[in-house]
Amino acid sequence: MDLLDPIDLTERIRLGQNALLGGLDPSQGYMPYWNSRCEEGKLVAFRHGGAWDWCHDVARGIHALGMAEQATGDSVPVEVWSALADLQVGLFADDDLPGCPDDETGERFVHLHNIREAAHALAALIRKGDPRADNLARRMVRKVLAAVDQEGVIDLGVLSPKVSDYTD
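Using my numbering, the first residue of the sequence shown is number 1, and each one after it goes up by one.
The hints are simulated quantities; they were obtained by calculation from the structure and are not laboratory data.
Owing to the predicted nature of the structure, the values given are computational and were not obtained by experimental measurement.
Even for Gly, the Cβ is constructed at its ideal location relative to N, Cα and C.
There may be inaccurate statements among the hints.
Stated by the list, open to error - Now the in silico label distances, taken between C-beta atoms and shown as ranges:
{"no.": "1", "residue 1": "Asp25", "residue 2": "Gln150", "range": "38 to 48 Å"}
{"no.": "2", "residue 1": "Ile154", "residue 2": "Asp5", "range": "39 to 49 Å"}
{"no.": "3", "residue 1": "Arg60", "residue 2": "Glu104", "range": "17 to 27 Å"}
{"no.": "4", "residue 1": "Glu40", "residue 2": "Val153", "range": "48 to 58 Å"}
{"no.": "5", "residue 1": "Ile154", "residue 2": "Arg14", "range": "33 to 43 Å"}
{"no.": "6", "residue 1": "Gln70", "residue 2": "Val44", "range": "31 to 41 Å"}
Model the full assembly from the supplied sequences, consistent with the hints where possible.
Structural data, given as structure tokens:
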């Protein structure tokens with residue numbers, strides 16, 4: 001068996017943290033870009049993905065930045081945390097679930113997949129001391145638990161009619 005050369009894992013995480021911070025759009029409240037495009041080895045474009053930027057990428061960004069901060073000890077700027085937290089909190093409505101308007105219809109939607117993402121983001125925000133996150137997380141978990149039977153099967157009919165079973 002060949003042994004791989006050792007790497008500095010903390011430094012690799014630091015590079016990822018830097019790349020993630022560079023992939024936030026300050027003109028849109030540090031909304032993460034959906035993807036970037038490279039040509040001939042050079043970055044040529046960042047692209048937003050509409051509703052998915054907000055309902056999915058914000059939570060992923062918060063989760064990743066929180067883990068990177070823990071691993072590296074390098075602080076993410078307060079203004080970035082604040083803006084991302086505001087975006088995440090803004091997803092919640094009276095149904096206690098994270099949703100956002102569909103790009104085409106404007107109708108609010110909630111995917112089970114993004115409930116999971118929101119749980120990770122809220123946990124990171126709780127660690128950062130955001131009291132809104134603690135309250136939202138408790139309400140969201142209670143809402144979802146009320147829809148799950150003893151075998152762990154979820155009844156979407158118990159949740160908001162805006163919830164779909166999209167879990168990919």
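Task: CB-CB spacing for valine 44 and glutamine 70 relative to the 31 to 41 Å hint - done: holds, 33 Å
Open item on the list: Range first: 39 to 49 Å. Now tell me if the beta carbons of isoleucine 154 and aspartate 5 are that far apart.
Closed with: Because 46 Å falls inside the window, the suggested range holds.
Open item on the list: Given the hint of 17 to 27 Å, is the C-beta distance from arginine 60 to glutamate 104 inside that range or not?
Closed with: Since arginine 60 and glutamate 104 have Cβ atoms about 23 Å apart, the given range 17 to 27 Å holds.
- [ ] Just tell me: holds or violated, for the beta carbon distance of aspartate 25 and glutamine 150 against 38 to 48 Å?
- [x] About 44 Å separates the Cβ atoms of aspartate 25 and glutamine 150, which means 38 to 48 Å holds.
Task: Outcome of range test on Cβ distance (glutamate 40, valine 153; 48 to 58 Å) - done: holds, 50 Å
Task: Distance restraint hint 33 to 43 Å, applied to the beta-carbon atoms of isoleucine 154 and arginine 14 - done: Since isoleucine 154 and arginine 14 have Cβ atoms about 38 Å apart, the given range 33 to 43 Å holds.
Checked against the numbered hints above, the structure violates none of them.
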